[in-house]
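Participant: With my numbering applied, the sequence shown corresponds to residues 66 to 242, in that order.
Among the clues, some could well be false.
Unchecked claim - Per label pair, the in silico range of CB-to-CB distance:
1) E75 to A146: 13 to 21 Å
2) E70 to D216: 36 to 44 Å
3) D82 to E150: 38 to 46 Å
4) T74 to E180: 30 to 38 Å
5) E150 to S115: 37 to 45 Å
6) T85 to R161: 26 to 34 Å
7) T172 to Q135: 20 to 28 Å
8) R198 to S72: 34 to 42 Å
It is worth saying that the hints were derived from the structure and are not from the lab. All residues carry an ideal CB built from backbone N, CA and C; glycine is no exception.
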Amino acid sequence: MKRKEISHTEHFPLVMDAMTSRGLLLAAYTPDGRANAMTLGWCMLGGVWSMPICIVLVRPSRYTCECIEQAGCFTVNVAGADLDEACLLCGTKSGRDGDKLAEAGLTVEKAETVEAPVIAECPIVYECKVVHRNNILPPELADELQRWYADGDYHHIFFGKILAARAAQDAAELLGS
(Lines of atoms letter the chains of each structure in order from A and count residues from 1; the text may use other names and numbers.)
(Lines give C-alpha, C1' and ligand atoms only; values in the text may rest on other atoms or scores of the structure.)
Protein backbone atom coordinates (compact mmCIF):
# COMPACT_ATOMS: atom_id res chain seq x y z
CA MET A 1 0.00 0.00 0.00
CA LYS A 2 1.37 3.40 -0.95
CA ARG A 3 1.56 5.83 1.97
CA LYS A 4 2.69 9.44 2.31
CA GLU A 5 4.46 11.10 5.23
CA ILE A 6 2.06 12.66 7.77
CA SER A 7 2.23 14.35 11.15
CA HIS A 8 1.96 11.73 13.92
CA THR A 9 -1.21 13.46 15.13
CA GLU A 10 -2.90 13.88 11.74
CA HIS A 11 -5.30 10.93 12.04
CA PHE A 12 -5.43 10.73 15.84
CA PRO A 13 -9.23 10.22 16.14
CA LEU A 14 -9.14 7.44 13.51
CA VAL A 15 -6.23 5.71 15.24
CA MET A 16 -7.92 5.84 18.65
CA ASP A 17 -11.17 4.53 17.17
CA ALA A 18 -9.32 1.62 15.52
CA MET A 19 -7.49 0.87 18.78
CA THR A 20 -10.67 0.70 20.83
CA SER A 21 -12.67 -1.24 18.25
CA ARG A 22 -10.30 -3.84 16.74
CA GLY A 23 -6.85 -3.00 18.13
CA LEU A 24 -3.63 -1.90 16.52
CA LEU A 25 -0.94 -4.27 15.29
CA LEU A 26 2.37 -3.88 17.13
CA ALA A 27 5.16 -5.45 15.09
CA ALA A 28 8.83 -6.30 15.56
CA TYR A 29 11.25 -8.88 14.25
CA THR A 30 11.88 -11.97 16.36
CA PRO A 31 15.43 -12.68 17.53
CA ASP A 32 15.79 -15.11 14.58
CA GLY A 33 14.57 -12.50 12.07
CA ARG A 34 10.91 -13.46 11.53
CA ALA A 35 8.19 -10.82 11.51
CA ASN A 36 5.85 -10.95 14.50
CA ALA A 37 2.86 -8.84 15.50
CA MET A 38 0.41 -8.71 18.36
CA THR A 39 -2.85 -6.87 18.74
CA LEU A 40 -2.44 -3.83 20.92
CA GLY A 41 -5.24 -2.25 22.91
CA TRP A 42 -3.21 0.19 24.99
CA CYS A 43 -1.21 2.89 23.21
CA MET A 44 -0.54 6.60 23.57
CA LEU A 45 0.53 9.04 20.87
CA GLY A 46 1.88 12.42 21.81
CA GLY A 47 5.02 14.30 22.67
CA VAL A 48 7.67 13.73 25.33
CA TRP A 49 11.17 15.22 25.51
CA SER A 50 10.25 17.59 22.65
CA MET A 51 9.81 14.68 20.25
CA PRO A 52 6.88 12.69 18.83
CA ILE A 53 6.42 9.58 20.96
CA CYS A 54 4.34 6.41 20.80
CA ILE A 55 4.05 4.63 24.14
CA VAL A 56 3.04 0.98 24.10
CA LEU A 57 2.44 -1.38 27.00
CA VAL A 58 3.40 -5.04 26.52
CA ARG A 59 3.26 -7.79 29.10
CA PRO A 60 6.61 -9.57 29.58
CA SER A 61 4.86 -12.91 29.03
CA ARG A 62 4.13 -11.88 25.42
CA TYR A 63 6.65 -12.93 22.80
CA THR A 64 6.44 -9.44 21.28
CA CYS A 65 7.97 -7.99 24.45
CA GLU A 66 11.11 -10.10 23.94
CA CYS A 67 11.17 -9.09 20.27
CA ILE A 68 11.03 -5.35 21.02
CA GLU A 69 13.64 -5.63 23.76
CA GLN A 70 15.99 -7.43 21.36
CA ALA A 71 15.31 -5.20 18.32
CA GLY A 72 15.10 -1.82 20.04
CA CYS A 73 12.36 -0.71 17.67
CA PHE A 74 8.82 -1.49 16.56
CA THR A 75 6.02 -0.40 14.27
CA VAL A 76 2.42 0.36 15.13
CA ASN A 77 0.13 -0.55 12.23
CA VAL A 78 -3.43 0.76 12.12
CA ALA A 79 -5.69 -1.89 10.62
CA GLY A 80 -8.78 -1.12 8.63
CA ALA A 81 -12.23 -2.51 9.38
CA ASP A 82 -11.59 -5.30 6.86
CA LEU A 83 -8.87 -6.73 9.14
CA ASP A 84 -10.99 -7.47 12.21
CA GLU A 85 -10.36 -11.22 11.91
CA ALA A 86 -6.62 -10.73 11.41
CA CYS A 87 -6.45 -8.54 14.52
CA LEU A 88 -8.38 -11.15 16.49
CA LEU A 89 -5.99 -13.89 15.39
CA CYS A 90 -2.89 -11.80 16.19
CA GLY A 91 -4.33 -11.08 19.62
CA THR A 92 -5.05 -14.71 20.51
CA LYS A 93 -2.08 -16.65 19.11
CA SER A 94 1.60 -16.39 19.96
CA GLY A 95 4.37 -15.86 17.45
CA ARG A 96 6.38 -18.39 19.46
CA ASP A 97 4.14 -21.09 17.97
CA GLY A 98 4.38 -20.16 14.28
CA ASP A 99 3.85 -17.50 11.65
CA LYS A 100 0.56 -15.95 12.69
CA LEU A 101 0.94 -13.12 10.16
CA ALA A 102 0.88 -15.61 7.30
CA GLU A 103 -2.00 -17.45 8.95
CA ALA A 104 -3.89 -14.14 9.16
CA GLY A 105 -3.22 -13.46 5.48
CA LEU A 106 -1.11 -10.39 6.20
CA THR A 107 1.79 -9.24 4.04
CA VAL A 108 5.02 -8.00 5.60
CA GLU A 109 7.14 -5.14 4.28
CA LYS A 110 10.33 -3.66 5.72
CA ALA A 111 9.97 -0.35 7.49
CA GLU A 112 11.85 2.56 5.94
CA THR A 113 13.50 4.02 9.06
CA VAL A 114 13.76 1.15 11.59
CA GLU A 115 14.54 -2.56 11.47
CA ALA A 116 10.95 -3.64 12.03
CA PRO A 117 8.17 -5.09 9.89
CA VAL A 118 5.27 -3.10 8.48
CA ILE A 119 1.91 -4.70 7.74
CA ALA A 120 1.26 -3.89 4.06
CA GLU A 121 -2.54 -3.94 4.41
CA CYS A 122 -2.59 -1.25 7.13
CA PRO A 123 -3.35 2.29 5.91
CA ILE A 124 -1.49 4.06 8.75
CA VAL A 125 1.91 3.09 10.10
CA TYR A 126 4.19 4.53 12.80
CA GLU A 127 7.87 3.55 12.77
CA CYS A 128 9.40 3.84 16.24
CA LYS A 129 12.83 3.56 17.86
CA VAL A 130 12.83 2.70 21.57
CA VAL A 131 14.27 5.65 23.51
CA HIS A 132 13.18 4.58 26.99
CA ARG A 133 11.62 1.60 28.70
CA ASN A 134 10.38 0.97 32.20
CA ASN A 135 7.97 -1.28 34.05
CA ILE A 136 4.68 -0.88 35.84
CA LEU A 137 5.62 -0.79 39.52
CA PRO A 138 2.98 -2.67 41.56
CA PRO A 139 3.31 -0.53 44.74
CA GLU A 140 2.88 2.64 42.66
CA LEU A 141 -0.25 1.44 40.87
CA ALA A 142 -3.61 2.77 42.06
CA ASP A 143 -5.80 0.16 43.72
CA GLU A 144 -8.47 0.57 41.04
CA LEU A 145 -5.96 -0.59 38.39
CA GLN A 146 -4.79 -3.72 40.21
CA ARG A 147 -7.65 -5.69 38.58
CA TRP A 148 -5.68 -5.65 35.31
CA TYR A 149 -2.86 -7.60 37.00
CA ALA A 150 -4.51 -10.42 38.92
CA ASP A 151 -1.86 -12.81 37.57
CA GLY A 152 1.06 -10.46 38.36
CA ASP A 153 2.05 -10.03 34.69
CA TYR A 154 2.78 -6.28 34.92
CA HIS A 155 3.39 -4.47 31.64
CA HIS A 156 6.69 -3.24 30.32
CA ILE A 157 6.33 0.27 28.90
CA PHE A 158 8.19 1.17 25.72
CA PHE A 159 8.60 4.80 24.66
CA GLY A 160 9.15 4.85 20.91
CA LYS A 161 10.41 7.96 19.18
CA ILE A 162 8.28 8.18 16.05
CA LEU A 163 10.80 8.40 13.22
CA ALA A 164 8.12 8.19 10.54
CA ALA A 165 4.35 8.33 10.36
CA ARG A 166 2.73 7.44 7.06
CA ALA A 167 -0.82 7.12 5.81
CA ALA A 168 -2.53 6.00 2.63
CA GLN A 169 -4.34 8.79 0.82
CA ASP A 170 -7.65 7.01 1.48
CA ALA A 171 -6.84 6.11 5.13
CA ALA A 172 -10.08 7.58 6.50
CA GLU A 173 -12.17 5.53 4.08
CA LEU A 174 -10.18 2.35 4.76
CA LEU A 175 -10.57 2.81 8.51
CA GLY A 176 -14.32 3.03 8.19
CA SER A 177 -14.89 6.76 8.68
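Participant: Among all the numbered hints in the text so far, which are the ones the structure does not match?
Facilitator: 3, 4, 8
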